[in-house]
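Keeping the supplied structure of chain P fixed, place chain S with the ligands upon it in accordance with the hints.
Chains as they are written, first to last, in our numbering: chain P, 1 to 160; chain S, 1001 to 1392.
Calculated from the structure, these hints are not laboratory results.
Some hints here could point you the wrong way.
Pairs of lysine-lysine residues, derived as BS3-like cross-links and limited to a Cα-Cα distance of at most 27 angstroms, are as follows [unchecked claim]:
1. P:Lys18 - S:Lys1176
2. P:Lys14 - S:Lys1186
3. P:Lys115 - P:Lys100
Negatives, chain P to chain S, calculated, CB over 12 angstroms [what the hints assert, rightly or not]:
4. Arg46
5. Lys54
6. His124
7. Pro141
Each residue gets a CB set at the ideal place from its N, CA and C atoms; glycine is no exception.
In case you want the letters, here they are:
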Amino acid sequence: MLQTNETIKKLADKFGRKEESLLPILENVYEQKHIISEDDMVDIARELDISAAKVYGTATFYSFLETKKCGKYVIRICKTITCMMHGKNQIIKELEELLKVNLGETTPDGLFTLKETNCLGQCHKGPAMLINDAPFTELTPGKVRDIVNKYRQEEKQVAS
Amino acid sequence: MNKSLKRLDLIFKNEHDADVILEKSLKRSNEELIEDLISSGLKGRGGAGFPTGLKWKLSAEATGKEKYVICNADEGEPGTFKDREILSSVPHKVMAGMAICARIIGSQKGYIYLRGEYKFLVPQLNKTIDEFHELLDKLNLDFRIEIFLGCGAYICGEETSLFESMEGHRGEPRNKPPFPTDAGYKGGPTVINNVETLAHTYSIFKYGPEKFKDLGVKDSRGSKVFSVSGDTPTPGIYELEFGMTLQKFVDDFGDGDAKAVQVGGAAGFCVPRKKFDKTVIGYKGKLTGVSLPTGGSMMIFNSSRSMYNVLHNYLDFFVEESCGQCTPCRVGTQQLLLGIEAVKRGDKSSLYLEQLLSLAETMRITAKCGLGQSVANSFSSIVENFREEMIY
Ligand SMILES: Cc1cc2nc3c(=O)[nH]c(=O)nc-3n(C[C@H](O)[C@H](O)[C@H](O)COP(=O)(O)O)c2cc1C
Ligand code: SF4
Ligand code: FES
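Chain P extracted, bound-state conformation (with noise of 0.2 angstroms):
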């Protein structure tokens, strides 16, 4: 049975049913589902009237696109020249030991991924990194704490 899949059609109907329009469409999928799955691809390609195969190159090419499971918040630390200059591996350390994760994994609580990207045009206040959109910078081990705790706290209390 042909389910719709109203996540979609909602975004095809705000974004027009055009080509042009499928990197919005992936992008807004990903910010909604934190992953882009196979099944969307196809519904997404049957929307917009072009091949499966396509939506899938579009959206493997761009590193912001996930095709797997991302955690409810990525975050993404620059590894470019002026903030390795600057530390960011002593970050990464960091949050590897708050989080208990490796680089690439998500938390068993589905909360946050852990991964590396390159320059983030804040070089000038590295190291830097973002959480999903939000970017912060001139880090310290101290100050990472406080900012996962914060994100930690806000959880909990929408949790409860």
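Here is chain S with the ligands on its own, set in the frame of chain P:
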């Protein structure tokens, strides 16, 4: 320390007169406006340095389908962060530039291609766009601007890759020609300019081309916004005049121990200390000594830094960001990285560096786009100037 370089304030000065400048400019003829741009000598600030007036003229003359004005805010070059600052603090200047361009070439639709890493700017930018649209309505200009959000791919800053990505494809650069001015986004004649370039057009239309031309040196007119990072006590964004020597720059911004400056990001050149005073910052032209085009990224390294680590970091970046479409770049970047690792480990003799240098030169000639072509810039300049550091 004696600060010898003159700081300028053309770009970031917050002038609340985009409406006045726009209205004034729209009353002038397209020919006059283009003439102003051409005589100002403004060249693109995104790295390639194409004359902006000529670009607009070519698009204006192009016939065909719908035309587009695109602001390139993909700013992915390592060590560059000026466009983010321009879009946060003086977005109306950029939009005024886009609107004037639209009137000249006959476009109704503009886009700001904003890198995904800058998504946090979207709410504020959209607010400015809404206000700007009201202004356009008042001035009876049929033009609309929209943000298109990138998704984390450096290559999408390359103009044809950017169009591909907006059209819903993988960000793989196209062959040129055709050039964007003839066939860009969706095949329509397109002006694509860097954020800073567009902000400069506003200043030129406001103050006239003479004032702009008074700044800088032959072939490199006007001011330039530099992103300064690395080993410097004063990292940040600075508007300076073209034509300074690297020595002057380092005297101002270095920590007293600078051994090299990377000009133009990972795709740019590494200049060692002994060449600081012979290197002039500007576009390629008839400057004395070596001149270097730059998107404005200036990374300073002091003597505590290993240039091997620097090069390794750049190559890592290129391996990841190569779109993989053409073999010289896809395979070449990986082989360069493996190659310097092998030399460092001692698995290959130092003579192997010569082979790697010639591979990099081959990439310059055979790669399809600017990414693969410019890997040799940093590779050769670092390997040739810091050979010992690659080996020991
Ligand atoms: C790999 C690569 C990345 C680029 N990234 C950018 C960028 O982030 N921003 C930019 O304005 N131009 C970038 N460019 C240059 C653009 O292709 C294009 O020349 C520029 O946007 C034109 O604008 P301008 O004439 O105002 O400089 C890049 C070029 C290459 C080859
Ligand atoms: S040079 Fe590199 S980035 Fe450019 S088209 Fe070839 S593979 Fe892609
Ligand atoms: S090098 Fe990390 S933000 Fe640019």
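Hints, one by one, checked against the model:
Taking the CA atoms of P:Lys18 and S:Lys1176, the gap is about 26 angstroms. The hint holds against a cut of 27 angstroms. A C-alpha spacing of about 20 angstroms is found between P:Lys14 and S:Lys1186, which places the hinted pair at or below 27 angstroms, so the restraint holds. Using a Cα cut-off of 27 angstroms, the hinted pair P:Lys115 and P:Lys100 holds, with the two alpha carbons roughly 13 angstroms apart. The beta carbon of P:Arg46 sits about 15 angstroms from the closest Cβ of chain S, which is more than 12 angstroms, so the claim that it is off the interface holds.
With a closest Cβ-Cβ approach of about 8 angstroms to chain S, P:Lys54 is found to fall inside the 12 angstroms limit, against its non-interface label. The claim that P:His124 is not at the interface with chain S is violated, since a C-beta of that chain comes within 12 angstroms of its own (minimum 4 angstroms). The beta carbon of P:Pro141 sits about 21 angstroms from the closest Cβ of chain S, which is more than 12 angstroms, so the claim that it is off the interface holds.
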